[in-house]
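Colleague: Protein sequence lines correspond, in order, to chains A and B.
Take 1 as the starting number for the first sequence in this note's numbering and just add one per residue.
Take 1 as the starting number for the second sequence in this note's numbering and just add one per residue.
To be clear, the hints were calculated from the coordinates, so they are not data collected in a lab.
Worth double-checking, as some hints may not be accurate.
Here are the simulated SDA-like cross-link-like pairs (lysine to any residue), alpha carbons at most 25 Å apart as the crow flies [as the list claims (entries may be wrong)]:
#1 K7(A) / L158(B)
#2 K95(B) / M433(A)
#3 K72(B) / S115(B)
#4 K7(A) / V129(B)
#5 K314(A) / S33(A)
#6 K7(A) / H153(B)
#7 K17(A) / S115(B)
#8 K7(A) / M114(B)
#9 K7(A) / G29(B)
#10 K119(A) / Q254(A)
#11 K92(A) / S33(A)
#12 K17(A) / P155(B)
#13 K160(A) / G182(A)
#14 K7(A) / K72(B)
#15 K72(B) / M114(B)
#16 K95(B) / F143(A)
#17 K72(B) / Q254(A)
#18 K209(A) / Q258(A)
#19 K429(A) / I387(A)
#20 K7(A) / Y26(B)
#21 K92(A) / E165(A)
#22 K7(A) / T152(B)
#23 K25(B) / Q258(A)
#24 K160(A) / A144(A)
If you want the footprint, here are the derived chain B segments under chain A, 3+ residues with CB under 8 Å [stated by the list, open to error]:
#25 118-130
#26 197-206
A virtual CB, placed ideally from N, CA and C, is assigned to each residue, including glycine.
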Amino acid sequence: MLAENLKLAWHSLLANKLRTFLTMLGIIIGIASVISITTIGNSTVEQTKKEYSQMGTNVINFYVYSNDMDIAPGEEAAADTGESSQKAQFTKQMMTQMVNKFGGRLDCIMMQIWLSSTKVVTANAPEDTYANVSVTGVNNGYFALPTNNFQFLAGGPFEKDQMGEDSTSCIVSDKLVDNLFGGDYEGAIGQDVEFEFSDQDLGGEDTGKKTYIYQIAGVYQYQFGGQDLQNAADLKNVMTDLYVPYLNAQAMTQYQDQKLVNYFSVNAKPGEDVFQLTDEMQQFLQSLQPEETHAEVYADNNASYIEQAEASVKQKNLQSALLGAIALLVGGIGVMNIMTVTIVERTREIGTRKALGALNSDIRWQFITEAVLICLIGGAIGIITGISIGVVACRMQMIDPVISVRQIVIFFLISLAIGVFFGYYPAAKAARMNPIDALRYE
Amino acid sequence: MSNEEATESAADDSVVIRLENIVKKYYIGSENELEVLHGVSLEIREGEMTSIVGESGSGKSTLMNIIGLLDKPTSGNYSLLGTNVETMRDHARSKIRGRRIGFVFQNYNLIPRMSALDNVEVPMMYAHVPPAQRRDRAEHLLEMVGMADRMTHRPDELSGGQKQRVAIARAMANDPALILCDEPTGALDRETSEEVIQIFHNLHEQGKTLLVITHSEHVAEETSRILTLMDGRITGERSGAYAG
Numbered sequence: 001m002l003a004e005n006l007k008l009a010w011h012s013l014l015a016n017k018l019r020t021f022l023t024m025l026g027i028i029i030g031i032a033s034v035i036s037i038t039t040i041g042n043s044t045v046e047q048t049k050k051e052y053s054q055m056g057t058n059v060i061n062f063y064v065y066s067n068d069m070d071i072a073p074g075e076e077a078a079a080d081t082g083e084s085s086q087k088a089q090f091t092k093q094m095m096t097q098m099v100n101k102f103g104g105r106l107d108c109i110m111m112q113i114w115l116s117s118t119k120v121v122t123a124n125a126p127e128d129t130y131a132n133v134s135v136t137g138v139n140n141g142y143f144a145l146p147t148n149n150f151q152f153l154a155g156g157p158f159e160k161d162q163m164g165e166d167s168t169s170c171i172v173s174d175k176l177v178d179n180l181f182g183g184d185y186e187g188a189i190g191q192d193v194e195f196e197f198s199d200q201d202l203g204g205e206d207t208g209k210k211t212y213i214y215q216i217a218g219v220y221q222y223q224f225g226g227q228d229l230q231n232a233a234d235l236k237n238v239m240t241d242l243y244v245p246y247l248n249a250q251a252m253t254q255y256q257d258q259k260l261v262n263y264f265s266v267n268a269k270p271g272e273d274v275f276q277l278t279d280e281m282q283q284f285l286q287s288l289q290p291e292e293t294h295a296e297v298y299a300d301n302n303a304s305y306i307e308q309a310e311a312s313v314k315q316k317n318l319q320s321a322l323l324g325a326i327a328l329l330v331g332g333i334g335v336m337n338i339m340t341v342t343i344v345e346r347t348r349e350i351g352t353r354k355a356l357g358a359l360n361s362d363i364r365w366q367f368i369t370e371a372v373l374i375c376l377i378g379g380a381i382g383i384i385t386g387i388s389i390g391v392v393a394c395r396m397q398m399i400d401p402v403i404s405v406r407q408i409v410i411f412f413l414i415s416l417a418i419g420v421f422f423g424y425y426p427a428a429k430a431a432r433m434n435p436i437d438a439l440r441y442e
Numbered sequence: 001m002s003n004e005e006a007t008e009s010a011a012d013d014s015v016v017i018r019l020e021n022i023v024k025k026y027y028i029g030s031e032n033e034l035e036v037l038h039g040v041s042l043e044i045r046e047g048e049m050t051s052i053v054g055e056s057g058s059g060k061s062t063l064m065n066i067i068g069l070l071d072k073p074t075s076g077n078y079s080l081l082g083t084n085v086e087t088m089r090d091h092a093r094s095k096i097r098g099r100r101i102g103f104v105f106q107n108y109n110l111i112p113r114m115s116a117l118d119n120v121e122v123p124m125m126y127a128h129v130p131p132a133q134r135r136d137r138a139e140h141l142l143e144m145v146g147m148a149d150r151m152t153h154r155p156d157e158l159s160g161g162q163k164q165r166v167a168i169a170r171a172m173a174n175d176p177a178l179i180l181c182d183e184p185t186g187a188l189d190r191e192t193s194e195e196v197i198q199i200f201h202n203l204h205e206q207g208k209t210l211l212v213i214t215h216s217e218h219v220a221e222e223t224s225r226i227l228t229l230m231d232g233r234i235t236g237e238r239s240g241a242y243a244g
C-alpha cells in the first residue's frame, strides 16, 4: 500500500507543480538556513581544532599571579619594591617538586623569557652585513616540544655547561648564518656574534648601550610564517629568533617580574588526559604557594581553547536551530494549509475511494504520505541548498568545509516528522468524511 | 430478523439482498425530523437484473446508500449474502463494500489524475490484490467493456460513454456479488445509453446480479424485474421488457 500511496501522492503533487513548490519553499528555506549556518559553524570549529592541534593539544600553560593588588591596594607600592621572595612565583624548589611528582607524565617543560629585538653583527663585518633577531631565553625543553618542530642543521641544544647565568652560548637560525657566515652552518658553530642592548631595552635605567658577544652553539632551520614575508619583503631583513639559555636571560633582564619564574609550559606525554593532568598540576602548584604571597596559579591548555570554540559554535548552532525551527513551523503550517485545501478539492475522490472499499486508515495514510512527500522533497532540496551555501561560504573564508552526515540524517527525519505532524490533522479530517456527503460534494 | 429466518436466508444461497422493514429517518429528535423510507422490504436473488424506479424525492438515493452500505437504516434488517450487515462497524462495512458491491455512478466518479487502468485497479488495491494480478484483471475488464485501446487514457481524455464503461469495469474489479447502478445512463445520450445498457445485459447473461436505481421508466424496462418506489414505500412490482 505504501508504494501505491507514494505513486498517488507523486501524481497529485505533479498535478499542481507551482503550488507544490510554493508549499515546499517554507521547508526549503528553514532547513537550508539551519544547515548552511551550522555547516559554517562546524567547519570553523574543525578549523580551530586543526589549528590548535598543530600547536599541540597536549601543551599546558601555567601562570602564577599575586592577588595582593586586588586584596590590598595600599600595599601595591610595597609589593613592587619588596623582596622578590614575597612575590608570586614558581621557585626552583617548587619546580623540582613538580618535576618529581609529574615528570613521568610529561614530555618536556618549556620556559622562556623574551628579552628584546636587535641587530646581530660579527666583529669587523662590513656595515651591510647584519641579521635582525628577537632575543629570547629558553630552556632545552623548548627545543624538545614536538609541535615546535625544531630541526637543527648544525650543533644542537645547549650543553649542560652552557645553561648557566653567565653562559654566552646562543642558538641561531639558518637565515642568520646565511646573512653573516655565507650559509656555512657547520662552520658557524663556535663563531662569535655581537649584538647590543641598553639596560632600557631590558627594562632598566638608560645607562647606554652594552655589547654582548655570544658563541653559536646550534643552527636551526627557520620556518617561514606568512606574516614574516609581508613584514620584511627583503629576505635579508627577516627577523628570526636568537635563543640564549633561560638562566642567562633571567640574569640579563631588568624587569623584576621576569627575574622570577611566573610562567612555564609543559607538554603532556601522548595518551595523558590533558584536562585531568591540568587540574592535578594546578592544584599541586597552588598548594606549594606560601599563603603570604596571595598567589594564584592558573592553568590552561589548547584542548580547553578547542572546547571554548566548540561551546561558542554550539551556542550559535542552537540559535540558528531556533530560527530554523520557527521557519520550519511556518513551513509546516503552510503544508497543513495546502493539505486542507487539497482535501476540500478532492472531496468527491475521497467519497469515491470510500465507496470502492477504502478504509478510514487508507484515506488517512494516503494524505499523510502526500504531506510527508512534500516535506521530504522540500527537506532534500533544503539540505542540498544549505550544504551548497555552507560550502561556498566556507571556501570564501578559506575554511575547509565539513559536511555532517549526522545532520543530514537528522534533518531528513525532521522533514519526515513535519510531514506526519502537519499532515495528520487534514488527513484525519479526510478519513472521517461521510462517504455520502463526499460523493454529493460539488 | 429472528434466528429462524436468519438461518433460512443463510441456507438459501441464492438470496443476495434481503431488506426487511427498512426505515430511514433524518434529523431524529429535532423539529424537522424526516422519515424518508417507511419500512421497505425486498429481496434480490443471485443472477437477477432488477431496477428500482421512482420519482425524485421518492427515497431511491437513500435506499441505494443503505443497500450500498454507505448509510445505515434507522431500523429494520438488512442481510447481504446471508450476513446481517446493518449492525456492523464501519471498518467491516468498508471491507464488504469494497469486495462484495460494485458501484456505477451517474457521474462516473473516476479519479481524474489516474489512467483508466489505474482507476479500475483502485478497488483491487484496497482489497490487497497483488499488483501484477491487479493489472491483468484490469486489462481484461477494460477489454470486456470495449476499452482495450484507451486503457492508458485519463478520464478527461474520454467521452461520457467511455467513462461509464471504465466505471463498469471498475465495479466488476473484485468480482462483486452485486453491481449497484445509480442512474447509470443519466448523463449519457440515448445511443450511448443503449451501449451501456447492452453491457449490463452482457453482465447479466454472465450471471451477475445487478440492481439499477433510476427515475427513467425506459431504463427500468431494460431490466427483468421492476420495483416501484413511491414516497418511501415499494408500491409495486412487475416484470420488465427485458426477459434476460
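Colleague: Could you check the structure against the hints above and give me the numbers of any it violates, in ascending order?
Modeller: Hint check: 3, 9, 11, 13, 14, 15, 16, 17, 19, 20, 23 and 26 fail, others pass.
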